[in-house]
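*Asks:* Chains Z and X, in that order, give the protein sequences.
First residue of the first sequence? That's 1231 in my numbering, and the numbers climb one at a time after it.
First residue of the second sequence? That's 227 in my numbering, and the numbers climb one at a time after it.
Simulated from the structure, these hints should not be mistaken for laboratory data.
The structure displayed is predicted, hence computed values, not measured ones.
Glycine is no exception: its CB is placed at the ideal position from the N, C-alpha and C atoms.
A few of these clues could be false.
[Claimed, not checked] Restraint-style ranges between C-beta atoms, simulated for each label pair:
1. N1237(Z) to R462(X): 23 to 33 Å
2. R332(X) to G1518(Z): 47 to 57 Å
3. D1331(Z) to K371(X): 40 to 50 Å
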Amino acid sequence: MRIVVDNKLCTGCETCLSSCPYDAIVLKDDKAFINEYCQLCRACLEVCPEGAIKEIETGVGVEDTTDRDSFRGVWVFAEQRDGRIADVSFELLGAGRRLADAREAGLSAVLFGADNSEAERLIHWGADRVYHSEAPVFEHFNDEPYVELLSRLISEHRPEILLTGATPTGRSFFPRVAARVGTGLTADCTSLEIDSETGNLLQVRPAFGGNIMATILCPYRRPQMATVRPRVMKKGQYDKTGTGEILKIKADDIQSKTRVTETIKEVSETMVNLQEADVIVAGGRGLGKIEGFQMLQELAGLLGGAIGASRAAVDEEWIPYSHQVGQTGKTVCPKIYIACGISGAVQHLVGMQSSDIIIAINKNPDAPIFNVANYAIVGDVYEVLPVIIQKLKEVKGI
Amino acid sequence: MKIIVCIKQVPDTAEVRINPETNTLIRDGVPSIINPFDLHAIEAGLHLKSELGGTVTVLTMGPPQAEDALREAISMGADEAVLLTDRAFAGSDTLATAYTMSSAVRTIGFDIILCGKQAIDGDTAQVGPEMAEFLNIPHVAYVGKFEEINAGMLRVQRLMDEGYDVVETSVPVLLTVVKELNQPRLPSLKGKMKAKKSVIKKLTHPDIGTEEKNLGLAGSPTQVKNIFAPEAKKDRKVLTGTPGEQAAQLIEELKSLKCI
Ligand SMILES: Cc1cc2nc3c(=O)[nH]c(=O)nc-3n(C[C@H](O)[C@H](O)[C@H](O)COP(=O)(O)OP(=O)(O)OC[C@H]3O[C@@H](n4cnc5c(N)ncnc54)[C@H](O)[C@@H]3O)c2cc1C
Ligand SMILES: Cc1cc2nc3c(=O)[nH]c(=O)nc-3n(C[C@H](O)[C@H](O)[C@H](O)COP(=O)(O)OP(=O)(O)OC[C@H]3O[C@@H](n4cnc5c(N)ncnc54)[C@H](O)[C@@H]3O)c2cc1C
């Protein structure tokens, strides 16, 4: 596959030049030309008013070597820390069930470490089968033992689809598994569907800091592997009477070249609050002063919510870093996110745009935050918020 | 100690926007920069060199223009720079990138390899761990602090969602670093002079003993099928009127959603 310009159609209008994030389209003899910087991101395909930019097949591509039909079933790798399974695993069982049904196949979970009662919870959350290893080597997270055992299980049982959470753990060891078994891995997915025609997994993920979304395919290799962002998939039905089998897997021969000597919990209260809160009231540079956050605190108190902030507000030292939401802060997904005086830079948006309901208050009607908002209030925070607070108090009879 | 820092030249994504009408990227004059996390990897490399001795080599795989990124790294203090460039590498996904990079690293020789946590364009964070797998060495991702540095062993802090792990690893090893690790230094004047004069070593596919079937598109199991703008909220409501009216409408909406 290559992207080329049809010289007969190109009028040299230059519309496409700025569409390329890699500066790979240049003007050559008054026609657009795509040079070797092209990364095949396809950003230019739709821009050309003449339809002169095209994808052509070059015959170069991944060979279809794996016996794809022999891979069946959907697997969820369940992450545990300190013996407790992370919530994202149950979310993935919800998503996994949907995919398994579409492929008319079974749903399995894989659990390394933790005890049998945790393995049972995976069944209650929808797994038909659990591959469980209680080997001591899995007490702490080390990449190599995880990679070794999961790769063995893949070779033996040949799942068609393999998912885990896009957490520090999942994003660290899944790439190695993909490299070991020689397949593709899609990072940080926010949506997963089965293509009804081909049966392939359509994996949607943000790239370019959340500026664009991309659909990724792994058509010729199996398993199709993906890490999935926490808190975007819906959990399935919890059924305490659900039944399934738990297979115990030995791993006595597996060793690690890395060793965890300590695990330190540094969960500030704000972190917990932020990631678990149903409501987040967040402030940005538009608050103009530290006192603005007192007003947000009052609103958050009334809604039972937590306080978030943009980096600009953190840089101003109006609020500690632990409250920062965004690319270099926390990713949150509350039911309601109220952005006050935040412009909506992409680095902020990636941390909060999957919230259920976004309310934005901003003076500037063109602020990008309004593009992701369900409710847009164009106005001064200091005029709007006090009235909202007052009315809320009335509703609550305070 | 042979320290290799992998750096990627990326468009400054903070300035890339999508045109909601045409669904396409707008990139007017968006500059190319060294991936921000890789600046921290360079700084870490220079720090390890000051503790353990040895050399820092920066390596990038990309088009010829990526030389700019390498020169910038030299101006920060890197000893030498290698550009891995070949048309055969075009269209690589992370697996093909990691395969190619690990072959190059093997050709150059290494003890410690440093990568950024992730590149801000592809955003996958996969190249580092995949390289470690191809090289059959351990890796530690998300390194936020060095606790102890020895020629044969490193003790580092690995940042997790809720705190951190203290991890000991043998050397050779690959580390991916986060910005909490250090403050990258600025290029020095002397460094800039050196960068101008430095010869950038170029490696191509035949130089690193790679197999054609594992390179570029042929070696990339994943394909980008299409790209599109993040969904703009279809159901957006603009609340108008005086602040009092706006507030009243919001309260009504929240009530109807059973949020209050
Ligand atoms: C590598 C990198 C990582 C980053 N990571 C993050 C991150 O994790 N999180 C993050 O948030 N940012 C991050 N940033 C910074 C980001 O690019 C923006 O600079 C930042 O989010 C801006 O914060 P802000 O919206 O509060 O400020 P501004 O962009 O200055 O916006 C202030 C807004 O307030 C409005 N306003 C002003 N006065 C009022 C008023 N009285 N009433 C109502 N509205 C008013 C203005 O119209 C404006 O829209 C990162 C940047 C980089 C380069
Ligand atoms: C929209 C889009 C989506 C994509 N999604 C996927 C996907 O889901 N899965 C997939 O396998 N591929 C994907 N790709 C391809 C992937 O972006 C490229 O393979 C890219 O070259 C490496 O991935 P990255 O940018 O994510 O790097 P990361 O893995 O995030 O980079 C981590 C670190 O590795 C080092 N590094 C990475 N690349 C280089 C380099 N070229 N030279 C030197 N050092 C480097 C740097 O130290 C960097 O900090 C996608 C591409 C696009 C355009």
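*Asks:* Against this structure, judge whether each hint is valid.
*Replies:* Do the hints match the structure? See the list:
no. : hint                            : verdict
1   : N1237(Z) to R462(X): 23 to 33 Å : violated, 42 Å
2   : R332(X) to G1518(Z): 47 to 57 Å : holds, 55 Å
3   : D1331(Z) to K371(X): 40 to 50 Å : holds, 45 Å
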